[in-house]
Structure formats: structure tokens, C-alpha cells
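Participant: Sequence:
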Amino acid sequence: MECQEDEGKLSDTVVVQIGECNPEVVPIGECNPEVVPIGECNSVLVPIGECSALIDTNNDTDNNDMSNDYDGKNMALFEEEMDSNPMVSSLLNKLSYTLTEGTEEHKAADEDEGHKKQKSSAKRPQMRTFMGVYLPCVQNILGGVIFLRLPWIVGTAGLVPTLVIMCMCFLCTFLTAISMSAIATNGMVPAGGSYYMISRSLGPEFGGAVGLCFYLATAFGGAMCILAHVEVLLTYIVPKAAIFIAESKEGELDALMNNMRVFGTCFLVLMVMVSFVGTKYVNKLALFLLACVLISIISVFAGAIKSIFEPPDFPICLLGNRTLRNHNFDKCLKTEIINNVTVTTELWNLFCSGPENDTCDEYFRVNEVTALQGTPGLTSGVISDNLWTNYGPLGMLIEKRHQVSIPVADNSKDIYKPYVVTDIITTFTILVGIYFPSVTCIMAGSNRSGDLKDAQKSIPIGTLLAIATISSIYITCAFLFSFCIEGVVLRDKYGDSVKRNPVISTLSWPSSWVIVIGILFATWGSGLQCMTGAPRLLQAIAKDGIIPFLQVFDHVRANGEPTWALLLTASISEIGILMASLDAVAPILTMFTLMCYLFVNLACALQTLLRTPNWRPRFKYYHWALSFLGMSLCLAIMFMSSWSYAITATGIAACIYKYIEYRGAEKEWGDGIRSLSLNAAHYALICLEESPPHTKNWRPQLLVLLNLDTDLAAKHPRLLSLTTQLKAGKGLTIVGSVLKGTYLKKETETKKAEQNIKSSMKAEHTKGFCHVVASANLRDGLSHLIQSAGLGGMKHNSVLMAWPATWKQSNLSQSWKNFIEIVRETTAAHQALLVAKNVDSFPTNQERLGEGTIDVWWVVHDGGLLMLLPFLLRQHKVWRKCKMRVFTVAQMEDNSIQMKKDLQMFLYHLRLEAEVEVLEMHDTDISAFTYGKTLMMEQRTQMLKKMQLSRMERGREAQLIHDRNTAHHASRRDKARTTAHEPVHMTWTKDKLLSERHRHRESNASVPLRELKPNQKNVRRMHTAVKLNEVVVNKSQGAHLVLLNMPGPPKDREGDANYMEFLEALLEGLNRVLLVRGGGREVITIYS
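So the sequence shown is numbered by this note's numbering: it starts at 1 and just counts up by one.
It should be emphasised that the hints constitute simulated quantities derived from the structure, not laboratory data.
Do not take every clue at face value.
Unchecked claim - Label pairs and their computed distance ranges (CB to CB): (1) Glu1030 x Ser84: 24 to 30 Å; (2) Lys758 x Asn93: 48 to 54 Å; (3) Ile298 x His402: 33 to 39 Å; (4) Glu917 x Gly792: 22 to 28 Å.
No experiment lies behind these values; they were computed from the predicted model shown.
Where a beta carbon is used, it is the ideal one built from N, C-alpha and C, also for glycine.
Construct the entire structure; sequences and hints are all you get.
Facilitator: Right under this line is the structure:
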């Protein structure tokens, strides 16, 4: 209340009431007095306002000293714990560094190394969605398969089975991308991408095993791209550059493999040199390479449309129904007439040893040659021949259906003739294994998560858009190939029937060279992406230290490039190159990738089903059933492609798992396996005792301290309702209470109390355990519950209780003493404390709160429990419609605008949706109201100390008075006998009584009001409580629930009663309040 102004003069009146009926009025101005009682009959009435004479604003020396004593008074209530619970503003100041550089959990321990990493990290490019995720995914997926193998797969499997293969593979990758998006948006994803997501969700053993398998897959993917690049170069562009030349058809395969080994090694060295320059330049080059690839694909679409009017001229030659390799002859004729003379052609010479007919191959002699257009066009009707399968064994001749052919008896040497033959066995499952690598690069963007500006946003959007883009391109191309190209040409893997042109290039417009160049750039770009992504993945594994012998690969250069990891990647890729077969490397890539996808889906399904508090993905379009379906598809495709490779890959992963388990570094990352063990029995209890749960697995395991009434029933059943709404049946709940007395005497009452509590728990749907103990006094019983409740690793980490509403009653002083001791004990035990004020007004489980707010007043940071509790409450149907608001306080030296931005960023990374408001609390003068209220509090405390004598003390005092009176009366009797002749005088006359009272009043009035000065620390703390209460009431009086930091009790136990007054002032005028005191550890994290 501000003073009223009269003729420019501010005035107040202070009424000080001392004694029962003896008021003293000290006039200070002419305003009406405000009466503020302290006790029942002992009060001091002080002015309310900021212009009282108690707080003089003159710049005299005394007042300057007083103002210095009150420095920092706005948050004085929390000052004793500032070392462990810093102000929110100081936390947010560190937040910007945390979000950009990562926390110490993800950095090296020593400062020198950390300083170097900060420099290198600052130099790394901060890429966005297009450059960081979409582009690498598209470029990796648009590799050699679509150009070199997709036409062959369509021709061999047929259009319908090919669509089945595509849909199955794309469904697998799409479901995996959904699971990956959920995990990626469940916190910050530092460097490591898929490895980081799996390891932090399933533990270091699974994460390390699957991470290394995925690293091997990426390294072999680079080898596959290089082999495809060499195949294009030596087969279609410069075949004369081959070093090894086959002298016969039987040696062609060996010569080709040797050439691929030599040229592949050369190109690998070149790629390593380019990757060594840095990711930034690789991505700039990738944009150009991808543009060339997209132009090549567009040329295929343009050629398909053009084929409607003008089919391209790519003739093929058939002998009977067999397809011939026509790169050694020009004319599809046995003989031709030149100058009226019949002469043999180059084709004749391939099958005959002379001009005579009897020197020819039998099949050549009895069958005619036929010339056909290899690409008849979109409206030609060849789709009828391309719908169904044409599987066959190794060395099978490519034959056209429904073409006239005369069979012969001896076909043993046909594979050595110039026919087009299959070079591998073809089945549906083999084709799945060969095709799947074309969709295995959906994690190319997540592998660069350390270089992304906002990985949570970029990874889901970029990956899903890339899958949608590529699936559309692949399916469209499959249809175009089936409608436009002859089946025998499609089944010709290397284009031998169309003069050694890539089959897809026969559909290209304006030139087949557009496709050839596009394939060259596609394979080169995909290889570069693998060679830059794989080393970062290995570096992330080495950085975690879970595999000791890999720690050397954590080394990075000044520009942030992992040098040693790049060299190891090149060595592994060289192994794939030495295999010298694109079709041999593809199944290896498929197995390791599918294993990674399987565990990504498993991690998402496990986290969803366990509903851990840290599982709060921003990506909402996921479900555990989708993850389970994706996991089943991965497993099916693994064994469908090659059961032997699947078993081998699983064995390698198992060996790595066991190595990490027994020899690797112990890590606790809050993984799902750890969370699952929280719900298990004996084995899990043993496991949980080894180390405390990780921040991501932390949830409030509650010990509910329940008061009982005279009938031994729950005094506050709404406390159980709040427990149910907060827990939702998850985790541990122990409802405890204490009966005063020994167990031998209170056995019946204890059992009755347990039955009553269990009935209340059942009525309130509270799932948990009940524990009632008997103790000689309530204080010890509560202490025993806090210390010993629970079993092994299943112990409570939080205590929930009701606010002692009757603490002011003089005959119940032990209640607030017990309350303060509980606060101290939970702090010492590193347990969180939740205190519900006005708990009987909290909603029941049947109520449904409408539109409203849950207001969080975040004053100091003590572990983040304030942020976690509203999220848990909103999972329950009672609070589901409530919105979350977060308020914090800025001091004079804080930048409130920047604080708001930092807090919004912090909540974004916590995946919490909330309105944010930063309120400025200026360092105003302490009001006379606060000053007087503190004085009243101290006088009341002194009065209570005098009134609160124990019975024993009062008894001893009464006995002492009785003894003194007895001795006094005895002495008086003796004195009376000796002085009986002396007259008796009355000690107290009326005049003497009045004079004594007047003297007492004068002595009281002689004490100046300024000498009634309260303790300055108490004034500052009361000022904090009053000012903060004003702000909270102003903003949150209509909120459904207010969550507020609970300040700790004073270290000096003499101020315990004052502490209760501070809390009462802090909570005045608020209905539903939950005071929250953290347990001294972080319970919420921005990381996945």
C-alpha cells in the first residue's frame, strides 16, 4: 500500500502495541494507521509503504550503511545455496555454449584438449537441412544401382516382383526413418549420428556393436561406389585403358576383376585425398555432382516421352531366340550381297571356321538371325513381356520369349559363343540383396549430425524428403524401363546387346553420353559421401572410449577432419575393392546396414513402450507398432537375401558386443536396456545397485509421507491422487506413515493403518507399496522411512508430502520442526522433495481440468525437476488440456531479452512446449511493511520460545518455585516470631501501583522506534519472499497449479521458525502450489 499524498507531503502512522491493553501510538504523519497483529495480544503496528520513517532515504552515513547491508536482497531467500543451485540467469548464460559446443559429457576431460576441440569445432561448417541431410541422402541413394543394376533387376524379376522388392525395401527404410526421426528429435544429436542414437538408446554394448557394423557397411559402401565407377569407366568410356586383356572369352572375367582392383585402388587414393581436404569442400563438390546426376535422370524421362513419337535407334540381334553380343559386328546378317556376290559377315565368322555351311555351329546353322529395336518406345507394348520373372542359373542364355527357335542337342559350349549370358544365379532373394544398397544411405545425413546447425530439425525433414524423392524416381524408372525397353535388353547387365552401352542410356535424350557421364558422377559423388561419413562415425565411437584399442582414431586435424579414421576407412574399402565385384560387395553392405536399421527400430519401440520421462520426441508421427514392423522387415530381408551373410554379420556384432562387455570402458548413457531393468525383479535389482540411473532414465520414485487421522485413515487422500497423476503407474511408489509408540503396543493399529492406506490407494488408483512404522517419536520414524524405504536399486529418489497447515498453532510446534528436519534430511540424502500446499484442493482422478495453465516459477536451477514435473502431469488425463508456462526472474545485471531467447532455446532442446516469460525484479528499497513484518516475525518467535517449554521443564520450574516458597514462608515465620512487636505495612498501595505502572510505561516509551531493528538477514529474506509473492500472485493466481522453487532452511537452526514464516509469505494468496526442491542431480537433459 502506498502512502497518500497531502499537499506534497507523504505521511504514515505507526501504532506499536506492547502488552495486553497498553497501546502506544507514535505519529509519523497524518495517514490512517494500518494494524498488523503479531500474536494474540502482543503486536506491533507498522506503516505499509515505502515512505516510512523506518526506512529513511536521506543520504546520511547510517542509512548508507544500512543500504549496503541489503545488497542483493531480491534473492536473499536462496543465497545460502547459490553454490549448488545457481540462478537461472547464470545457467542460461552457459546454455548458448552448451548448445553449440556440447556438455562435458561429450568432451575430453583435460582443458588443453578441450580448448583445441573448441577451436576445431568453431571452424566446422554449420550446415542446414538441404546441404547437410537431403543432399547427402539423395546423392548416396542415387548411386550406381539405379544406372547399372535397376534395368537388369526389372528385366530379371519382372515389373510386378520389382515393385514388390521396391515397396518392401522402401517400407523398411521409411519405417526406419520414422524411428530415426523420433530418436533424433528426442534431444541433441552430436557427432556420430546413427551410432550415437543407438548407443544412447540401447547401451554401449549394443551401440558399439551396431555402430561398428554400420561403419563397416559405410566403408564397404565406398568400395561399392568405386567399383561401380571403375566398371563404368572400363566398360563404357575407355575400355582400351584396361591393363589386363583377356585372350579368350574364358579369361574375360579374371581380366575384368584384375583391372577393377588396380583402377579401384587408384581411385580410392584419389578419393582419400579429396576427403582429406575437408567436408566443406566435399559438400560444395557434391552439389555439382548431384546436379549432373539429376540431369541424367531428367534425360531418361525426356527420352521416354520422346520415344512415343520417335523411338531411339538401338538395334539388337537375335539368333533364334538367343540374344547376341553385337559389339564385335555391325550387321545382324549371316551373309550379304555385295556386287551381286554373296559374302559372309563378321557374325558368320564368330560362329563358323570357314565359308562353308558345315563348318558352322549347329545352332547357328539351323536358326535365323533377327534384328529388333532394343528400345521400341513407350507405346510399343513390350510391357507384356516384362511383367513377370526370368530367373535362372549361372551361365543361362538370355532368350526372348515367343521367338521362334530350333533347339539342338549339344549346348555345352554355348557359353563360349558370343551370346549374352547371366554371370550370377538370379532369384528373388538375391535380387533383394543386390537392390537394397540403393536405399541404404538414409543415414548419410545423420552421420553428419555434428556438422548440422539444428540436427533435431534437419535429420527428420531431410531424410524423409530424400526417401520420398528417391522412391518416386525409382518407381517411375521401373515403369519406364518396363514400357520402353525389350526384356532381353533389360536382362543384359552390361549392355553387350546394344554395343556396350549402359541399358539405361538407350532411353536417354539427347545422347547416351548424358547417362554415362551421370553414372560417372553419381558413383564418384556417392563414394565421396561414404569416405567422409564413415571416418566421422568411427571417430564418434573412438571418442566415447567404449573400445580401448580404437581410441587412437579420435585424433582430428586442425580443420576437424579425422585423419587416422580416414586412413582406416580407406584400408577397409580396399578390402572391398580387392573383391572386385559389385554384386559380391552389395550383400555385405546390405547385411550390416539392415542390422543397424533393425536396432534403430528396436530402440524406438523400446523407448516408446517403456515411456521413460526423457522420451519426448518432437517428431510426433511415430508408434511402437511401426517400429516393430520395421524391425521385423529388417530381420526378414537379412535372412531373405543371404542367410549365411546374415549369420556372419550377426556373429561379428555378437563378438564386438562381448568384447565391449568384458574389455570395453564402462559407460552409463541412460539406455533402454537400463530402463527395462528398472522394471525387472532380482537380476535387475542387482544391476541397479551397481550405479545410479542415468539422467535420461530418471523418473520420480516417490516416498509419499501420509498423515493419519484419529481413525487411522488417510488425512489427505488427494495426496494419493496427485501421486497417481504424477506417476501413471510407472516406477516406484511407497506410501509411508508413522505411528507414535512401540511396535509391540501398536501392532494392531499398524496393521489397521496399512489396510486403510491400501484401501485409499486402491480408491485413488495408486499403484505402489504401503509401509507403516511405529516409532517412539514421529521424528525418528520419518527419518527411518526416508533412509530405509525401498530395496536395493529400487529406492525412492523423491519425497512427497503435504504442507503443515497448522504449524502456527503453539501446541503443534513439533509439526513444523519435523517438517524442517525432513527438508534437511532429504537434502542430505540427495533426494528431491515435493510439498503440496492446500493439497485438499487438488483435483481428483475423476476430474478433468479445462483450459488452463501449469505455471513453473524457475528461480534457481537445482536439477531441472521443475521442468520435468509438468510434463509428467500432462501425460495424465486430468491435466492433459493444461498448457505449460515458464516464468523466470531477471536481476538488474541480466539481459532479460537474451534470457528469454536462451530459455526458449533450452525448452526447444528439452522438447517441451511452453510459453516463456522473463520478469524483471528491480532492486527496490525494502518497504516498511516488509520491515515491520520481519519485526513481528521475530517477536512472535521469541514469544513462542518462551511459551514452548517442555512439560519436564515446567515441572522442574514449578518444583523449584514450590521449594523457594516453602523456604521463604519458613523464614518469614521465624522472623515474625522475633519481630512480632513491629507494625505490619501494606507493600502495594493504589498509589504505588499507579506510580509503578507509569514508570514502566515511561521506560517502554523511552525506547526509540528505530531501536526496534530486526535482523538484517531476516529483512532481506522476507523482502525476497514478499516481492516474489507479489509477482507470482499477479501472474499465476488463476493457474491450475503453480510449481515453485523451494528455498532451503537456514544453516543456523535458531532461524527455523523464521524459515516457516518466509515460506508462508512466499505462498500467501496462492491456491494450489507444489514446492519443489531438487535432489542435487540433473534429472532432465537436452541430449538424446
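Participant: Taking the CB of Glu917 and the CB of Gly792, does the distance hold inside 22 to 28 Å?
Facilitator: violated (43 Å)
Participant: Given a hinted range of 48 to 54 Å, is it respected by the beta-carbon distance of Lys758 and Asn93?
Facilitator: holds (49 Å)
Participant: With 33 to 39 Å as the target window, see if Ile298 and His402 comply at their CB atoms.
Facilitator: Holds - the Cβ-Cβ distance for Ile298 and His402, about 34 Å, lies within 33 to 39 Å.
Participant: Return holds or violated for the Cβ distance of Glu1030 and Ser84 against the range 24 to 30 Å.
Facilitator: Since Glu1030 and Ser84 have Cβ atoms about 27 Å apart, the given range 24 to 30 Å holds.
Hint 4 from the earlier list is the only one contradicted by this structure; the remaining hints agree with it.
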